[in-house]
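Visitor: Here's the letter readout for the chains.
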Amino acid sequence: MVKYRINNHIRKLRFFHNEMTQQQLADKVGVTRQTIIAMEQGKYSPSLELAFRVALAFEVPLDEVFSYDPETESN
Amino acid sequence: MSFQEKNITASFVIFTLILGFYMVRIFQLVQSGSFNLMNMVRLWGTVIILGIVATIIGTILTHIGSGIIQAIKTREEPVIEDIQDERDRLIDLRGTKVAYFVSSIGVFLSMLTFAFGQPSLVMFSLLIFFGLVAQIIGDISRLVLYRRGV
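Chains as they are written, first to last, in the numbering used here: chain W, 1 to 75; chain A, 1 to 150.
Incorrect hints may have been included.
[Unchecked claim] Once the Cα atoms are required to be at most 30 Å apart in a straight line, the calculated DSS-like pairs of lysine-lysine come out as:
1. A/K97 with W/K43
2. W/K43 with A/K73
3. A/K6 with A/K97
4. A/K73 with W/K28
5. A/K6 with A/K73
6. W/K28 with A/K6
7. W/K28 with W/K12
8. W/K43 with A/K6
[Claimed, not checked] Taking beta-carbon pairs under 7 Å as the criterion, some of the chain W residues facing chain A (in silico):
9. V31
10. T32
11. Q34
12. T35
13. K43
14. Y44
15. S47
[Stated by the list, open to error] Pairwise CB distance ranges, derived in the manner of DEER restraints:
16. A/M111 with W/K28: 48 to 54 Å
17. A/L109 with W/E19: 53 to 59 Å
18. W/D27 with A/R148: 25 to 31 Å
19. W/R5 with A/M23: 40 to 46 Å
20. W/S67 with A/Q84: 24 to 30 Å
21. A/L61 with W/R5: 37 to 43 Å
22. W/F52 with A/I52: 36 to 42 Å
23. W/P70 with A/L121: 57 to 63 Å
These are computed hints drawn from the structure, not numbers from a lab.
A virtual CB, placed ideally from N, CA and C, is assigned to each residue, including glycine.
Pulled out of the complex, with its shape left as it was, chain W reads as follows (with noise of 0.2 Å):
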């Protein structure tokens, strides 16, 4: 069964970039810190206009931020 199909990296960026707090990233991408704690714990997959605005908050690509693992799927 699928659970989880978008995987993000964005407690490992959050760390890169001066250790961001969750609140700091929230109040840049205009979420609450709830909603940053459900994306990092793979609890809810945001829409596309939110992902675009964690990976210009982190100024990287969106793929370096989010991946898609087809193989979740099939399991």
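Given the coordinates of chain W, assemble chain A onto it according to the supplied hints.
Guide: Frame of chain W; chain A shown alone:
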């Protein structure tokens, strides 16, 4: 627990209490033999007004309670995240969908009792009963979605 979750929990508690009050009141009316249109309409009004007033008071108290708890915990001026972002809106939408589904089944069952020859009072009391149940189930599904993820 986020502010939205606290608000939904408050709504869940309020509507469970209102449902309890409604059931007890119906039981009392039936027991005393005064289960008539006048009393039923009065009960309808009471339940609706109770729902509106209690929800407003519940939201205000949740705001104040959250602020006090946060101030005690952090010893700083409380900042309450009462904004609704896309995740909150999605969860709210799904909860509303569940509530509408339960409500639709409730309306169907209520109509069915009328179709099978029960008095219209039974149908009206079932309508408000299922309305309250739908709200409670909607709140539960929202809380589950916040915990389990969407």
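Visitor: None of the hints should be skipped; say for each whether it holds.
Guide: For each hint, the structure was consulted:
no., hint, verdict
1, A/K97 with W/K43, "holds, 20 Å"
2, W/K43 with A/K73, "holds, 27 Å"
3, A/K6 with A/K97, "holds, 20 Å"
4, A/K73 with W/K28, "holds, 25 Å"
5, A/K6 with A/K73, "holds, 17 Å"
6, W/K28 with A/K6, "holds, 24 Å"
7, W/K28 with W/K12, "holds, 17 Å"
8, W/K43 with A/K6, "holds, 19 Å"
9, V31, "holds, 4 Å"
10, T32, "holds, 5 Å"
11, Q34, "holds, 4 Å"
12, T35, "holds, 5 Å"
13, K43, "holds, 3 Å"
14, Y44, "holds, 5 Å"
15, S47, "holds, 6 Å"
16, A/M111 with W/K28: 48 to 54 Å, "holds, 52 Å"
17, A/L109 with W/E19: 53 to 59 Å, "holds, 56 Å"
18, W/D27 with A/R148: 25 to 31 Å, "holds, 26 Å"
19, W/R5 with A/M23: 40 to 46 Å, "holds, 44 Å"
20, W/S67 with A/Q84: 24 to 30 Å, "holds, 28 Å"
21, A/L61 with W/R5: 37 to 43 Å, "holds, 40 Å"
22, W/F52 with A/I52: 36 to 42 Å, "holds, 40 Å"
23, W/P70 with A/L121: 57 to 63 Å, "holds, 59 Å"
Going through the hint list in order, the structure satisfies each hint without exception.
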